[in-house]
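S.K.: Residue numbers (numbering that gives the first Met the number 0), protein chains in the order written: chain A, 0 to 137; chain B, 0 to 137; chain C, 0 to 137; chain D, 0 to 137.
Calculated from the structure, these hints are not laboratory results.
Among the hints, a few may not be true.
Stated by the list, open to error - DEER-style ranges, computed between Cβ atoms:
1) A:Ser-80 <-> C:Lys-45: 36 to 44 Å
2) A:Arg-5 <-> C:Gln-92: 28 to 36 Å
3) C:Ile-43 <-> A:Ser-80: 37 to 45 Å
4) D:Ile-131 <-> B:Gly-52: 49 to 57 Å
5) A:Lys-45 <-> C:Asp-73: 23 to 31 Å
6) B:Gly-98 <-> A:Glu-117: 50 to 58 Å
7) A:Ser-80 <-> B:Gly-119: 35 to 43 Å
8) A:Arg-120 <-> C:Lys-64: 14 to 22 Å
9) D:Arg-39 <-> A:Arg-94: 30 to 38 Å
10) B:Gly-99 <-> D:Gly-52: 28 to 36 Å
11) A:His-85 <-> C:Pro-125: 37 to 45 Å
Unchecked claim - Result set (DSSO-like, lysine-lysine): computed pairs, CA atoms no more than 30 Å apart in a straight line:
12) A:Lys-45 <-> C:Lys-62
13) C:Lys-129 <-> C:Lys-45
14) D:Lys-64 <-> B:Lys-4
15) A:Lys-129 <-> A:Lys-62
16) B:Lys-129 <-> D:Lys-64
17) D:Lys-4 <-> D:Lys-64
18) C:Lys-45 <-> A:Lys-129
19) D:Lys-45 <-> B:Lys-64
20) C:Lys-4 <-> A:Lys-64
21) B:Lys-129 <-> D:Lys-45
22) C:Lys-45 <-> D:Lys-45
23) A:Lys-129 <-> A:Lys-4
24) B:Lys-64 <-> D:Lys-62
25) C:Lys-4 <-> B:Lys-4
26) A:Lys-64 <-> C:Lys-129
27) A:Lys-45 <-> A:Lys-62
28) B:Lys-4 <-> D:Lys-62
29) C:Lys-62 <-> C:Lys-45
30) C:Lys-45 <-> A:Lys-62
31) C:Lys-64 <-> C:Lys-4
32) B:Lys-64 <-> C:Lys-45
33) D:Lys-129 <-> D:Lys-45
34) B:Lys-45 <-> A:Lys-45
35) B:Lys-62 <-> D:Lys-62
36) B:Lys-62 <-> D:Lys-45
C-beta atoms are modelled at their ideal positions from N, C-alpha and C, and glycine is treated no differently.
4 protein chains.
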Amino acid sequence: MLTNKRTVTVEFGQCDPSGIVYNPNYFIWFDVSVHALLARGGVILKALISEFGIDGIPVVEYKTKFLAPARWGDELTIETSVVAVHRCAFDIQHRVLNGGVLAVECAETRVCTAHDAEQGRVRAHPLPRKLIAALSRP
Amino acid sequence: MLTNKRTVTVEFGQCDPSGIVYNPNYFIWFDVSVHALLARGGVILKALISEFGIDGIPVVEYKTKFLAPARWGDELTIETSVVAVHRCAFDIQHRVLNGGVLAVECAETRVCTAHDAEQGRVRAHPLPRKLIAALSRP
Amino acid sequence: MLTNKRTVTVEFGQCDPSGIVYNPNYFIWFDVSVHALLARGGVILKALISEFGIDGIPVVEYKTKFLAPARWGDELTIETSVVAVHRCAFDIQHRVLNGGVLAVECAETRVCTAHDAEQGRVRAHPLPRKLIAALSRP
Amino acid sequence: MLTNKRTVTVEFGQCDPSGIVYNPNYFIWFDVSVHALLARGGVILKALISEFGIDGIPVVEYKTKFLAPARWGDELTIETSVVAVHRCAFDIQHRVLNGGVLAVECAETRVCTAHDAEQGRVRAHPLPRKLIAALSRP
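Just chain A, same shape as in the assembly:
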């Protein structure tokens, strides 16, 4: 299934007083990585939202392990892969490597949501076929 790899350099302002990455930054990187993954599959999320009238594909679950710290100036490789595609949701795996060593791993689930006019609230919506096709690409 779809996979993408990108590199980020740890910036000064992403580190905390103990000199390591302040961990909420990993979740910002994971979000950018999902957008990059979809783009690699040919899907620009902003365009998908307009085309299919969905609200978006928010995260519903993260399971994250921080195995080793990263410091100002480190170059991190973030590998992001689709693990499973469901009717309204899909599962992703992120692996952050720092100098070849696994530093962080994260299992993420996103669900497609849309406004339900009858019920007057947001609810799960089947993944657009175009998105399923992108996620399933080798």
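For this one, chain A is given, so just place chains B, C and D on it according to the hints.
M.R.: Then chains B, C and D, alone, in the frame of chain A:
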């Protein structure tokens, strides 16, 4: 004119590897301070946007001086005051005090904007009268 | 065991273009909540680090479920409780309530770390007794 | 004098509920741009700090004008140039272009600081010669 004072504690994650506040955080605090200032004048920005069909009141200018650093655990007082009210814009002054010492000062200008359907773009819009009344309150 | 409750208001700048909280902000709130929890138990983390020569108590694991979105202006209650205390680590549970509804839940594990001069690297370190006492307080 | 140009793509999470870049992000980009500028001149700030025993080169002043908004997916070019070099400080100009249009401009001053053991506090310190050489490079 309208003035407000609030206190923030410098959190661990708002500091950088040199142990002082990473400066973009001041601009987040200033934004929250403007919302708090308006609320003190009786105006909730979210409601104002809906009621008057404006886009918002984005910042168009900041002039900021950083005079003294602040560190993890410091308690900062942020004083925010309206300095001038114009037709489509208003000027604000922020003063950040750390233990009674002036640490940061910032002059900010915000302009009211709305979508111009004829020109198909965002442009300046006269301040809603309700907003002018709030800003002018002693 | 030790528990704490605090309230945060969702600010404009913490929301994304879909109008809901951008999820990395929850991890910032969880970090602040842990500091507040420890303070409630009488432990200021900054002072603990100096006193015991430890590096800190970084997060090693998060398991997070996002059950309902939160929007600009929502008032969130964050309940944070110690769940288990181990030799070098402890487990925490965060529950974020939005208008009485459970919006986010997160199981967090933190480990005490210190620099090991012999091995020249950071490693797990027994929790200082003062920290154990604080975490175990009712 | 030294100049650098880099490109950033506006990410989803850098935009606010009005769909435009939340302005504190510009100051994060400016900070990264200064590090990139120095690196282009052959100076890695982290190494400079170790080598010369300085605390850093914090920002003491920003004068910023926001001329046009930027949106999710926009590609921004950030041009950063040294404008003047003083004994303990230097001046920088940032220009953010969005589709060829000037969107933000910012005049920034940074000062070199070091711990003064006699006075027991941080104070201005002459710029290391290596830094002056880098800043003055064409």
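S.K.: Could you run down the list of hints and mark each one as holding or not?
M.R.: Quick rundown of the hints versus the structure:
Range check, A:Ser-80 to C:Lys-45: Cβ separation about 39 Å, and the 36 to 44 Å hint holds. One distance hint, 28 to 36 Å for the beta-carbon pair A:Arg-5 and C:Gln-92, holds here, with the actual separation near 33 Å. Checked against the given bound of 37 to 45 Å, the beta carbons of C:Ile-43 and A:Ser-80, roughly 42 Å apart, stay inside it. For D:Ile-131 and B:Gly-52, the hinted distance range of 49 to 57 Å is satisfied, since their beta carbons lie about 54 Å from each other.
Range check, A:Lys-45 to C:Asp-73: Cβ separation about 25 Å, and the 23 to 31 Å hint holds. Remark: the range hint 50 to 58 Å for B:Gly-98 to A:Glu-117 is upheld by a beta-carbon distance near 57 Å. Checked against the hint of 35 to 43 Å, the C-beta distance between A:Ser-80 and B:Gly-119 comes to roughly 42 Å, which is consistent with it. A beta carbon spacing of about 19 Å between A:Arg-120 and C:Lys-64 agrees with the range 14 to 22 Å that was offered as a hint.
Here the CB-CB span from D:Arg-39 to A:Arg-94 is close to 31 Å, well matched to the stated 30 to 38 Å. The hint said 28 to 36 Å for the Cβ distance between B:Gly-99 and D:Gly-52, and at roughly 31 Å that hint holds. For A:His-85 paired with C:Pro-125, a C-beta distance near 43 Å keeps the hint of 37 to 45 Å intact. The straight-line distance between the Cα atoms of A:Lys-45 and C:Lys-62 is roughly 28 Å, inside the 30 Å bound, and the hint therefore holds.
A distance of roughly 14 Å separates the Cα atoms of C:Lys-129 and C:Lys-45; the hinted pair therefore holds under the 30 Å criterion. Annotation: proposed proximity of D:Lys-64 to B:Lys-4 holds, straight-line Cα distance about 26 Å (limit 30 Å). In summary, the hint linking A:Lys-129 to A:Lys-62 is supported, as the alpha carbons are separated by about 27 Å, within the 30 Å threshold. Proposed proximity of B:Lys-129 and D:Lys-64 is supported: the alpha carbons are some 27 Å apart, at most 30 Å.
With a C-alpha separation of about 19 Å, the suggested pairing of D:Lys-4 with D:Lys-64 holds against the 30 Å cut-off. Between C:Lys-45 and A:Lys-129 the CA atoms are separated by roughly 50 Å; this puts the pair beyond 30 Å, and the hint is violated. In summary, the hint linking D:Lys-45 to B:Lys-64 is supported, as the alpha carbons are separated by about 24 Å, within the 30 Å threshold. As the CA atoms of C:Lys-4 and A:Lys-64 are separated by approximately 26 Å, the hinted pair is consistent with the 30 Å bound.
Simply put, B:Lys-129 and D:Lys-45 have alpha-carbon atoms about 50 Å apart, too far for the 30 Å limit, and the pair is violated. Between the alpha carbons of C:Lys-45 and D:Lys-45 the distance comes to roughly 24 Å, so the proposed pair stays at or under 30 Å and holds. Under the criterion of a C-alpha separation no larger than 30 Å, the hint pairing A:Lys-129 with A:Lys-4 is consistent with the structure, at around 22 Å. At most 30 Å may separate the alpha-carbon atoms for a hinted pair to count; B:Lys-64 and D:Lys-62 meet this at roughly 9 Å.
For the suggested pair C:Lys-4 and B:Lys-4, the alpha carbons sit about 25 Å apart, so the restraint of at most 30 Å is met. Distance check on the hinted pair: A:Lys-64 and C:Lys-129 sit about 27 Å apart at the alpha-carbon level, within 30 Å; holds. Taking the CA atoms of A:Lys-45 and A:Lys-62, the gap is near 26 Å; set against the 30 Å cutoff, the hint holds. Taking the CA atoms of B:Lys-4 and D:Lys-62, the gap is near 24 Å; set against the 30 Å cutoff, the hint holds.
For the hint linking C:Lys-62 to C:Lys-45, the alpha-carbon distance of about 26 Å falls within 30 Å, and the restraint holds. With a C-alpha separation of about 28 Å, the suggested pair C:Lys-45 and A:Lys-62 falls inside the 30 Å cut-off, and the hint holds. Proposed proximity of C:Lys-64 and C:Lys-4 is supported: the alpha carbons are some 19 Å apart, at most 30 Å. With a C-alpha separation of about 28 Å, the suggested pairing of B:Lys-64 with C:Lys-45 holds against the 30 Å cut-off.
The suggested pairing of D:Lys-129 with D:Lys-45 holds, with an alpha-carbon distance near 14 Å, which does not exceed 30 Å. Between B:Lys-45 and A:Lys-45 the CA atoms are separated by roughly 24 Å; this keeps the pair inside 30 Å, and the hint holds. Restraint check for B:Lys-62 and D:Lys-62: the C-alpha separation of about 4 Å stays at or below 30 Å, so the hint holds. Of the supplied pair hints, the one linking B:Lys-62 and D:Lys-45 holds, its CA atoms being roughly 28 Å apart against a limit of 30 Å.
Checked against the numbered hints above, the structure breaks hints 18 and 21 and satisfies the rest.
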